[in-house]
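Just need the whole structure built from these sequences, with the hints factored in.
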Amino acid sequence: MGVSKRKTSKMRLRTRKASHRWQPPQLNKCTQCGSTVASHTACPSCGYYKGRQVLTVGA
Amino acid sequence: MRHQKKTVKLGRTAEHRKALLANQVCSLIEHQRIKTTLAKAKAVRPLAEKMVTLGKNGSLHARRTALAVLRQKGAVKKLFEDIAPRSSARNGGYTRIVKLGARRSDAAPVAFIEWVDAPLVVEEPVAEEKGKKRKAGKGDAENKSDRKSKKSEATKSESEEK
Ligand SMILES: [Zn+2]
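Protein sequences, first through last, are from chains A and B.
Quick note, the first sequence lines up with residues 44 to 102 if you use the working numbering.
Quick note, the second sequence lines up with residues 6 to 167 if you use the working numbering.
No wet-lab data here; the hints were simulated from the structure.
Hints are supplied without guarantee of correctness; some may be wrong.
[Claimed, not checked] Here are the simulated lysine-lysine pairs, DSS-like style, with alpha carbons at most 25 Å apart:
{"no.": "1", "chain 1": "B", "residue 1": "K45", "chain 2": "A", "residue 2": "K93"}
{"no.": "2", "chain 1": "B", "residue 1": "K40", "chain 2": "A", "residue 2": "K93"}
{"no.": "3", "chain 1": "B", "residue 1": "K83", "chain 2": "B", "residue 2": "K55"}
{"no.": "4", "chain 1": "B", "residue 1": "K82", "chain 2": "B", "residue 2": "K40"}
{"no.": "5", "chain 1": "B", "residue 1": "K55", "chain 2": "B", "residue 2": "K23"}
{"no.": "6", "chain 1": "B", "residue 1": "K10", "chain 2": "B", "residue 2": "K45"}
{"no.": "7", "chain 1": "B", "residue 1": "K78", "chain 2": "B", "residue 2": "K61"}
{"no.": "8", "chain 1": "B", "residue 1": "K11", "chain 2": "B", "residue 2": "K55"}
{"no.": "9", "chain 1": "B", "residue 1": "K47", "chain 2": "A", "residue 2": "K93"}
{"no.": "10", "chain 1": "B", "residue 1": "K104", "chain 2": "A", "residue 2": "K72"}
{"no.": "11", "chain 1": "A", "residue 1": "K93", "chain 2": "B", "residue 2": "K104"}
{"no.": "12", "chain 1": "B", "residue 1": "K14", "chain 2": "B", "residue 2": "K45"}
{"no.": "13", "chain 1": "B", "residue 1": "K11", "chain 2": "B", "residue 2": "K23"}
{"no.": "14", "chain 1": "B", "residue 1": "K47", "chain 2": "B", "residue 2": "K83"}
{"no.": "15", "chain 1": "B", "residue 1": "K14", "chain 2": "B", "residue 2": "K55"}
Below, the structure written as structure tokens:
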């Protein structure tokens with residue numbers, strides 16, 4: 044079995060863990076009403092998707 | 006790798022899944038558009054499109070094959086007489102899935118699945134009806150909340166009596 048030769052330094056450990064940081068989702072602007080929308084999703088505030096009324100939005 | 010991933014299982018036994026998908030396709034035929042979870046919409050799509058292919062064939066054998074899958078005579082009739090003929094110019098891709106984001110209760114991704122060739126004339130009245138429903142729904146929600154509060158009051162009084 045492989046045995047580690049050196050203790051992992053704090054810096055090395057933290058640099059590695061830094062790549063696991065949470066990233067906020069990338070949101071787009073709705074072309075119709077300008078609110079933030081997840082990509083490839085009908086706008087929850089105006090109900091438009093790809094320039095077409097997809098659903099009527101309630102509360 | 007796609008090895009041994011023949012179907013989307015949806016956490017159901019084969020017979021349960023077949024019944025579910027058949028029901029969903031029948032609902033899609035009846036209502037032109039249904040709202041389900043994204044996983045179910047994606048599972049429904051291939052079956053729905055195969056049914057349209059059968060409908061475009063139009064033979065008695067195709068009709069019986071469709072009936073064997075869907076198990077609803079009315080749906081098969083509508084499929085063969087309305088839905089398949091209007092998609093005659095299209096080679097596959099008869100359905101469209103529109104993602105609607107996450108559901109409030111369990112954060113499940115929800116989507117519409119609808120016929121691409123559904124008439125636009127139908128869509129606007131549907132939207133209007135939905136608007137009406139929305140208002141009605143609001144009222145319902147208020148009523149429900151009222152009922153809930155009444156219920157909770159009732160349960161409270163009951164518990165007090167006890
Ligand atoms: Zn919008």
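So, going through the hints one by one against the coordinates:
In summary, the hint linking K45 (chain B) to K93 (chain A) is supported, as the alpha carbons are separated by about 23 Å, within the 25 Å threshold. Straight-line distance between C-alpha atoms of K40 (chain B) and K93 (chain A) comes to about 18 Å, which keeps the hinted pair within the 25 Å bound. Straight-line distance between C-alpha atoms of K83 (chain B) and K55 (chain B) comes to about 15 Å, which keeps the hinted pair within the 25 Å bound. Only pairs whose Cα atoms come within 25 Å are accepted, and K82 (chain B) paired with K40 (chain B) is accepted, the gap being roughly 23 Å.
Our distance criterion of 25 Å between C-alpha atoms is met by K55 (chain B) and K23 (chain B), whose separation comes to about 14 Å. Note on K10 (chain B) and K45 (chain B): the hinted pairing holds, with a Cα-Cα distance of about 16 Å set against a maximum of 25 Å. A threshold of 25 Å between alpha carbons decides the hint, and for K78 (chain B) with K61 (chain B) the separation of about 17 Å falls inside it, so the pair holds. Note on K11 (chain B) and K55 (chain B): the hinted pairing holds, with a Cα-Cα distance of about 16 Å set against a maximum of 25 Å.
With a CA separation close to 20 Å, the supplied pair K47 (chain B) and K93 (chain A) stays within the 25 Å bound. Distance hint between K104 (chain B) and K72 (chain A) is fulfilled; the C-alpha atoms sit about 16 Å from each other, no more than 25 Å. A C-alpha spacing of about 12 Å is found between K93 (chain A) and K104 (chain B), which places the hinted pair at or below 25 Å, so the restraint holds. Of the pairs offered as hints, the one joining K14 (chain B) and K45 (chain B) holds, with about 10 Å between alpha carbons and a cut-off of 25 Å not exceeded.
Taken as a hint, the K11 (chain B) and K23 (chain B) pair is honoured in the structure, with Cα atoms around 14 Å apart against an allowance of 25 Å. The suggested pairing of K47 (chain B) with K83 (chain B) holds, with an alpha-carbon distance near 22 Å, which does not exceed 25 Å. With a C-alpha separation of about 18 Å, the suggested pair K14 (chain B) and K55 (chain B) falls inside the 25 Å cut-off, and the hint holds.
The earlier numbered hints are all upheld by this structure, with none contradicted.
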